[in-house]
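Chemist: Add 922 to the 1-based position in the sequence shown for the working numbering, that's all there is to it.
Read the hints as simulated data drawn from the structure, not as lab findings.
Keep in mind it's a predicted model, so treat the numbers as computed, not measured.
The calculated label-pair distances, taken between Cβ atoms and stated as ranges, are: (1) 987 with 957: 17 to 25 Å; (2) 927 with 990: 34 to 42 Å; (3) 988 with 928: 33 to 41 Å; (4) 949 with 927: 29 to 37 Å.
Even for Gly, the Cβ is constructed at its ideal location relative to N, Cα and C.
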Amino acid sequence: MGATSQPLSALDRRVGWILDALKEDGLADDTPVVFFADNGRLEPRGVHWCCDCGIRVPLIIRWAKNFLAPLQFKPGILCDQLISWSI
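Turn these sequences into a full structure, and let the hints guide you.
Modeler: Here's what the structure looks like:
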């Protein structure tokens, strides 16, 4: 996990800064936070191959308490299904 732990730690830290800023400004309960990224690197065996790094895309959602209707899933789940989301 050495090659991925540093970028994941950096991502976690930066998302934490955003969540902290929303909380400090009193916006955390009104602001959903959605993080997603492209599907990986180009070489070797990246997006042009049918392997994990070419077909899986990260998606993290932190829903806001006061934003529209609550979503119909429990926090902390891991989903490997195709995601389609519209409001």
